[in-house]
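Construct all of the structure, not just a fragment, from the sequences and the given hints.
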Amino acid sequence: MKSAVLVFPGINRERDMARALRLISGREPAMVWHADTALPAGTDLVVIPGGFSYGDYLRCGAIAARAPIMEAVRKFAQKGGLLLAVCNGFQIACEAGLLPGVLMRNAQLRFICRDVYLRVERSDTPFTRGYNAGQVIRVPVAHGEGNYIADGETIARLEGEGRVVFRYSSPDGMVNPNWNHNGALNAIAGIVNERGNVLGMMPHPENHVEALMGRTDGRGLFAGLVDHFERAA
Amino acid sequence: MTSNEPAITPELVAEHGLTPDEYERIVKLIGREPSFTELGIFSAMWNEHCSYKSSKIHLRTLPTKAPWVIQGPGENAGVIDIGDGLAVVFKMESHNHPSYIEPYQGAATGVGGILRDVFTMGARPIACLNALSFGDPAHPKTRHLVAGVVAGIGGYGNSFGVPTVGGEMRFHRRYDGNCLVNAMAVGIAEKDKIFYSAASGVGMPLVYLGSKTGRDGIHGASMASAEFGADAEEKRPTVQVGDPFSEKLLLEACLEIMAKGCVIAIQDMGAAGLTCSAVEMGAKGDLGVTLDLDKVPCRETGMSGYEMMLSESQERMLMVLKPEKEKAAAAIFRKWGLDFAVIGQTTPNKRFVVSHGGAVMADLPIKELGDQAPVYERPFVETRKLPVIAAASVAPPMSIADALEKLIGSPDLCAKRWVFEQYDHIILGNTVQRPGGDAAVVRVNEGPKALALTADVTPRYCEADAFEGGKQAVAEAYRNLSAVGARPLALTDNLNFGNPERPEIMGQLVGCIRGIGEAARALDFPIVSGNVSLYNETNGRAILPTPTIGGVGLLDDFTKSMTFAFKAEGESILLVGATEGWLGQSLYLRDICGREEGAPPPVDLAAERRNSGFVSTLIRDGLVTAVHDISDGGILVALAEMAMALRIGAVVESSAFIPAHAFWFGEDQARYVVTAKNADAILQRAGDAAVPVLRLGATGGTVLTVAGERPVLLSDLLARFEGWLPAYMAGPGDEQKQVRGGGTQP
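These protein sequence lines are chains A and B, in that order. Take the first sequence: its letter number 226 is residue 226 in the working numbering, and every next letter is one higher. Take the second sequence: its letter number 193 is residue 426 in the working numbering, and every next letter is one higher.
Each hint should be verified, as a subset may be incorrect.
To be verified - Chain A regions said to be covered by chain B (calculated; three or more residues, Cβ under 8 Å):
1) 5-18
2) 46-60
3) 108-120
4) 197-210
By construction, these hints were calculated from the structure, which means they are not laboratory data. All values derive from a computational prediction rather than experimental measurement. From the three backbone atoms N, C-alpha and C, an ideal C-beta is built for every residue, glycine too.
What follows is the structure in structure tokens.
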């Protein structure tokens with residue numbers, strides 16, 4: 001799996017993401033500067049990592065969404081290329097129109113860093129094939145603006161088309177407000193686009209890939225992607 | 234000199250914080266009256282913060298050397314060797330006064346400043362810690378300060394991208410008018426690629442990097458008379474405004490420029506901005522410096538030379554560049570979208586010459602600006618010794634179980650989750666032990682080495698006995714590092730005190746420094762960096778003396794790091810270290826009996842060293858399953874924390890010869906609680922090593938039971954432990970609205 005990690009000024013989880021990709025795919029990802037206009041030839045997976053691109057000034061992700069590299073990313077996604085957008089990446093993808101909806105400030109108006117539980121809603125996407133549908137994984141969040149919202153019609157479509165792939169839940173998979181730390185609508189933690197090739201999610205699977213962090217539940221996402229490309233090859 | 238600057242009057246001198254004697258010293262030194270700009274430069278160089286004039290002669294007594302120390306105090310941060318060609322760069326610094334005035338920005342720029350100190354030396358920051366002291370929870374300002382400070386620390390560190398992994402937080406009415414915000418940053422550098430501030434070479438370009446200079450942070454809040462113009466626009470507050478986004482860019486640009494071999498010397502612009510950094514770089518290199526202020530990138534028009542020299546705008550650096558690398562360096566800075574301007578050069582004549590608009594604004598002897606700053610041997614009185622309180626003289630007002638429940642839900646002992654969850658403590662993916670343990674543990678690069686990090690002090694001990702309190706702060710840091718399986722290597726100190734011109738405050742400072750020195754020598758735990766914050770008082774009432782100790786230790790293998798959680802049922806619980814039941818200055822005496830009295834527990838440094846060494850070998854040899862340092866609240870609070878972590882209870886029994894409340898809540902030093910599958914092996918070793926070890930009981934169940942007392946449900950304890958801070962912060966008032974810092978940050 002050849003992956004490319006986008007680097008915007010103020011992005012700060014690109015090293016975490018690169019390490020996870022290296023550990024699980026066995027291949028060093030290319031780091032792609034925001035001012036570039038093309039992705040490396042033969043890129044299988046594009047990743048927009050977490051951080052505070054442009055200091056979150058204006059609106060989270062709004063400035064990065066208009067960076068030169070994003071045109072190439074848009075074309076890549078249009079052709080069906082896989083795009084993983086995590087945390088600030090999710091915000092950027094929404095601002096770029098690659099995914100519907102927006103991420104608002106957390107319901108209790110504070111930044112939150114803690115482990116949360118995610119129910120994997122389906123396992124038949126390239127991003128979640130490393131998990132079973134209904135499985136609950138534990139991964140960290142670290143964000144101040146992860147409260148997903150969209151208009152009623154969009155939410156109905158997302159739910160109707162099964163495009164919500166991760167939901168905040170209790171350790172045994174129950175969805176309720178006590179286990180929805182940021183107040184996201186329908187406890188939405190991650191969604192895919194219509195075609196299923198763009199995933200946006202707030203939690204950080206890349207931070208739970210080594211035993212030292214206490215859990216390795218994030219590995220499944222990357223292992224599934226590697227498996228996806230190996231089978232395609 | 235220019236003629237349109239204000240004339241120097243005694244009032245103007247006083248407004249610059251200089252005494253008449255100090256002004257005389259200036260006139261004698263330069264042989265004439267200083268210009269207005271020169272007066273500003275002297276006031277910046279000779280204030281307490283930059284010159285350490287009250288503390289210098291005492292700080293000199295501290296031990297700062299060890300075979301593993303690469304750089305002690307005097308640079309931007311201390312540097313120690315951890316093998317494998319790597320070095321740890323770290324320091325702690327206060328941002329107390331600004332945080333009280335404007336908690337969000339004050340705390341945020343405190344974090345920004347200490348991060349710059351670390352990456353200026355060529356290190357990539359890998360962790361931050363902080364030590365916070367707030368006033369009485371009932372004080373009307375406290376909740377607002379807590380909310381703002383915590384949000385500010387998080388706001389800066391989270392955006393910059395460094396994990397905030399640990400710290401401490403306390404409440405006491407003596408901080409009502411002066412909260413303390415001490416921030417510590419730790420970075421990793423290659424040992425042979427450390428960058429220093431001493432300039433070298435004549436005619437080398439002096440380069441300004443980073444954000445533009447504005448009028449923020451200029452010291453003259455009291456200077457808003459005719460000199461600054463009468464309109465309010467220019468009466469900016471003295472608190473700086475932080476921009477973590479710029480700092481992140483500055484970090485990446487600086488590390489890139491260093492890696493490309495462009496840099497001769499580098500210094501961040503912190504306190505006293507351009508003045509302090511330029512003078513320091515020249516003076517340390519035995520060189521003069523000329524500055525052309527017309528070249529300084531400014532955020533606003535019409536700034537005077539005086540304002541530029543004293544601005545404390547954030548996220549700026551000064552660098553001496555290799556001339557042949559100027560183009561390459563400029564290209565890197567342009568790539569990161571940062572300002573880059575050659576604003577001066579080094580000269581052979583040891584003069585500090587500042588020109589603006591074609592006129593010379595200052596022409597001063599550069600060495601003397603720093604070296605000839607006044608040094609005071611201020612009079613002091615030693616802290617009066619307080620009587621030792623006999624345990625038998627303290628009547629327990631409630632049962633052991635009731636006292637435990639009350640203490641575990643008290644402001645000082647309750648969980649600080651509400652705080653550390655606002656800090657990204659996992660970014661970079663190296664956090665082996667997250668906040669809440671004895672010390673944080675952070676893997677170094679890809680391992681297997683890891684650093685243990687802690688910040689400690691017990692101000693009520695320091696108030697009662699400055700010398701013992703100073704010793705205790707160092708000993709507790711040493712113990713916390715040992716408890717996670719690390720070898721303590723070095724420390725940074727952040728000395729927060731009241732007005733040193735009062736002999737009793739000076740006595741606290743001197744006593745604490747002596748205690749810190751004594752402990753650091755006995756424990757081979759040298760001081761490699763530090764910061765002094767004085768004048769922390771309001772209406773003549775000083776804070777508790779608070780010499781915060783930031784400790785760094787090394788683990789050879791992060792997978793061997795030890796935690797304090799009970800791991801399994803049916804394990805033996807052992808107490809390491811001698812217990813006499815010391816209640817003087819304990820939290821039990823204060824929070825249960827309502828008495829802040831007596832002498833604090835004495836610190837036996839030989840016992841500290843022996844017991845910590847003993848515990849370290851138990852960890853190394855895999856004989857223990859959990860280790861916890863005993864500090865505030867004594868044995869029973871330590872046991873409760875161990876039990877709550879994974880919700881495994883315990884049954885324990887007290888030694889017979891000490892009153893129960895003194896045994897369970899006394900705060901004798903040099904002690905640990907450990908658990909083990911095989912207690913006999915440990916008792917055998919303890920006998921051989923002459924370390925007092927006592928069997929306390931065994932783990933198991935869902936209650937914590939002290940023999941002869943009402944069993945306490947862990948679920949009840951947890952509810953109290955986790956409950957206090959969120960409930961307090963959700964309390965009355967509309968303080969939350971002010972959290973984001975008065976609209977200055979988006």
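For each hint, the structure was consulted:
| no. | hint | result |
| --- | --- | --- |
| 1 | 5-18 | holds (count 6) |
| 2 | 46-60 | holds (count 7) |
| 3 | 108-120 | holds (count 6) |
| 4 | 197-210 | holds (count 5) |
Against the hints set out earlier in the document, no violation occurs for any number.
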